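Undergrad: Line by line, the protein sequences give chains A and B.
Residues in the first sequence are numbered consecutively from 777, following the working numbering.
Residues in the second sequence are numbered consecutively from 777, following the working numbering.
I should point out that these hints are in silico values taken from the structure, not numbers from a laboratory.
Since the structure is predicted, the reported quantities are computational estimates derived from the model, not experimental observations.
Take the hints with a grain of salt, since some may be wrong.
Subject to a maximum C-alpha distance of 30 Å in a straight line, what follows is the list of computed DSS-like cross-link-like pairs (lysine-lysine) [as the list claims (entries may be wrong)]: (1) A:1041 x B:1041; (2) B:1041 x B:1004; (3) B:798 x A:1041; (4) A:798 x B:825; (5) B:798 x A:825; (6) A:1311 x A:1209; (7) B:825 x A:1240.
Just a few of them, taken from the derived set where beta-carbon distance is under 7 Å, the chain A residues facing chain B [unchecked claim]: (8) 787; (9) 1122; (10) 1123; (11) 1125.
Facing chain A, a subset of chain B residues (Cβ under 7 Å, in silico) [stated by the list, open to error]: (12) 779; (13) 844; (14) 856; (15) 884; (16) 894; (17) 897; (18) 900; (19) 927; (20) 964; (21) 1061; (22) 1075; (23) 1079; (24) 1110; (25) 1138; (26) 1142; (27) 1250.
From the three backbone atoms N, C-alpha and C, an ideal C-beta is built for every residue, glycine too.
Chain residues, written in single-letter form:
Protein chains: 2
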Amino acid sequence: MNYAAIRHESTQDYCFCLQPGKFLFRLQTGKDDLRSVILHSRDKYLPLKIKDTRKATKMHRVASDGLRDYYEVTLEFQVVCLRYCFELEDMQGNRVFFSNTGFTSSIPEDTERLFDCPQTLREEECFHTPAWAANKVVYQIFPSRFASHKPVPDRLWYKAPIGPKDDLGGSLRGIIQRLSHIRDLGADVLYLTPIFYSHTTHKYDTIDYYRIDPSFGTEEDLTELVEKAHALGLRVILDGVFNHTSPEFFAFADLCKNGASSPYKDWYYVNDFPVRRLPGLHNYKCFGYFWGMPKLNLQCPAAAEYFTEVALHWLRRTGADGWRLDVADEISHHFWRNFRKAVKAEFPEALIVGEIWHHAPDFLQGDQWDSVMNYPFYRSVLDYVTGSGTASALLGTLGFQRGNIHSAAYPLLWNLIGSHDTARICHLCREDKNRHKLAAAIQLLTPGMPMIYYGDEVGMTGAKDPDCRRGMLWDEKRQDADMLSWYRGLLQLRKEVPALTQGRILSQCADDDTGLIRITRQLDGQEITLVFCAKEGSVELADLAGKTDLLTGKSFDGHIQGITALVLC
Amino acid sequence: MNYAAIRHESTQDYCFCLQPGKFLFRLQTGKDDLRSVILHSRDKYLPLKIKDTRKATKMHRVASDGLRDYYEVTLEFQVVCLRYCFELEDMQGNRVFFSNTGFTSSIPEDTERLFDCPQTLREEECFHTPAWAANKVVYQIFPSRFASHKPVPDRLWYKAPIGPKDDLGGSLRGIIQRLSHIRDLGADVLYLTPIFYSHTTHKYDTIDYYRIDPSFGTEEDLTELVEKAHALGLRVILDGVFNHTSPEFFAFADLCKNGASSPYKDWYYVNDFPVRRLPGLHNYKCFGYFWGMPKLNLQCPAAAEYFTEVALHWLRRTGADGWRLDVADEISHHFWRNFRKAVKAEFPEALIVGEIWHHAPDFLQGDQWDSVMNYPFYRSVLDYVTGSGTASALLGTLGFQRGNIHSAAYPLLWNLIGSHDTARICHLCREDKNRHKLAAAIQLLTPGMPMIYYGDEVGMTGAKDPDCRRGMLWDEKRQDADMLSWYRGLLQLRKEVPALTQGRILSQCADDDTGLIRITRQLDGQEITLVFCAKEGSVELADLAGKTDLLTGKSFDGHIQGITALVLC
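Work out the full structure, taking the sequences as your base and the hints as a guide.
TA: Right, dumping it as structure tokens:
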């Protein structure tokens, strides 16, 4: 038994409340190391002679990654404090008990040596995510290049924005006119990158958080957009840039002008005065290096309050459904805790999504964000479909996230295969449509909130920023109709077959030689087998022959040829 | 390489701020699995072409337990965000790099695949513990049985309290008269179990938090006690019971009387009304089963505020130095976060110690408690000295705590070998003085805040509660003078030889056959070797012959005979 790989702590990371009276327990072990795991539990305070509350419950392996297996079980109880330990049996039949004091050959008689789960503490930590969000599909829009309200020559529209003031009429009005495209595609949520006043096309350097950028429209336009989106059943998520501001933002401008005597002295991290704004000679902390966007100090209560109010203001005024938060992992947990409290007090169903590029479970424990931009997913899918990573590595990432991320947040992860901050999936697949389609299939047929970057569905390409921000390809003649129909088919299937997102995994395997991944999920008696293949060549899957591929409606002949994705039923 | 045992997350658990600009990084690996670990770091935002900020820093193995090695390194930097990964080399010379996306054969070129340490986020999480507390010695007093202000017959005093109203005159006045005993022993901190109004001798069922129990004295007595203790260089810690109250506490009494219409309805967890107080038929959550002490619901803001105010009140009124908090692990993190904020805002140097019987790092991250009652230490020392646990198990616990607990809290852990809630160490050692002395040596010669339970130093015995709460043995003829001199010697050595508490471990080993533990620490060129032996029999330690045993002043002849402790220099 790989003892060093076995992990459980009696903390919120491994033992959490799903709803009052219902608790999930998790245990990590070495991969393929154990034959069975049993959770032994009892009431801490009720003496056995009054009532024997002891209970043994089998745990299930719900996920694996390249190194570890993840076991879970749900218990229902009403006690002040539950005591528990684990019984582990390895493949050779050796049994040990794992409790708070380590490994023993039997359940410790001294109950103080067991793990503790104080019920009310766990219930207070209960992670409430918006009920509407689980497994819904997000569509990301870069407003300055999604839809113009005026005619624009193709030669300008279909190329990368060329820096500040490159305004081609992309606007909220334009988006309103194109809502049906998003609805017809089958998405559920619109996410707009920043729309507030700024000189750049991307607007991540906000000058005025209370003003819609005039090139994008007005507050009335935003309200209309949200209303019309809602009427179509679409939610709308805004983008909040609270890590840094434009140097022209009033507070920083005041600081530049008035130095140490500015009332906004504590809003930023300035080393000394006067403020120097020359790239490379900055004397303040900034986001990026060349951009010089000053980093906000949200330890300052006035600044923290200001930006929390900004978030509340737009939810109140427009009915928008939540915020995606830029560079959110460089802002303190303390700020996010208070931010969540303020937002959820008024808008309990608002969605809070943090931008973070790596695994960071500390933001997803119920008191900060509801979800994250899932870049680890992005990297693993990308590596897999482009051949720079293996099938087992992708399956490993999926398993790692399933096993490690809080179960309340897991179905809300924004699974992306590209964004305004990356080259487009089509480009990274070297325009190989099959690879692009495979990536989309993995993204859209798995649990979470897949985030489609505008235009991917019509085969848009583009290298890294700013090339990935070309104008949306509205010209139907230039759109990739086959890709669009692929996306629509995937999204329709996702809605029609809940087993894809909610089914439990019956079995899964990866073969790195053939690049093949198989995942079988089951829900309410329905069994669905996903087959992904990221390598050229021929593979035989005789045991699946005769099943129907729900994507094509055809019977599967048991042979795969090249890069493909199947949904067999 | 045991990949599944390798752990690091870019969270506060593994990467934390020691002081602005100074950061500690931790990595866990399988035991004895690696030859070297190097931390590779670079500025996230400063491009290499502007300045090459890359740096490689060797990490050191600072602790081990039975399963894992713990590596650490301290880095100083001033950046917005640091990126990093680890280079691991195993015993066969195989090298891999461990970053946010797992294991690779070289440092990932895509810097987004590295771990992130956002400097300001980590600095905001900085764990400030009271500067006065590290490695200081606590003396725990059970006030109703420590010192009486009136003559009491021995036959009453020297036996277990027999339940409610068993008042023998133990009081604050009595403690004041005995302060010199504590000072002469060499302790630094007095911790008093509860002293507020209650009918029991233990007073863990508080009736009035604003009133000193009349049998113990008055507020003036407490103020005088704190003043006189301070004059002797002793700190004073009070005991706060905020998990539950006496059923006679005004709020619960009101609830019993007025039911659902009581303004204190939300202060407790009552299932239905009227409240039933019969043991076994309680219709409210309570601490314990037979006792029926109602559990407080500190989710209720009014209740939370009430008890936070209680804590502030007594610090303000008496100058006491902090609180030990009863059953603190069954109260929410949310309450403790606010509690800490309120207490530290007014009393930044106040000590906050939670009672918890197991490892729970989530309370010791800087935003809740400063320290805990270290029961895992208690269990391991006890197991070792009584022979029910091994030498390596004890060394394992010490290493586990060193490797896992936040470095700001580690020197503040209340290391105990007995308390008012356990049988006395003397009793558990079956009155074997050598075993008791060994336990005291381990307790008093290691880092942390050893907590001496009153009377252990004069050889008091007693089975579990209430027998462990007999009157303090003041009769010098009945005191174990040898034990007292052992304790005094240990405490004197602890003060004179900072290497014992602050020295880094040069080497350590445990031998389960002979029951031998050796730990060599070094500080400022001074090397100290601790030798503990928990088994009868003869052991030769030739390499240590000739060194001086600082406890006896004698030269060590290289032979150990039976259960003993040595401090060799």
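Undergrad: Can you give the numbers of the hints that this structure goes against, from lowest to highest?
TA: Checked against the structure, the hints that fail are numbers 1, 2, 4, 5, 9, 10, 11, 15, 19, 20, 23, 26, 27, while the rest are satisfied.
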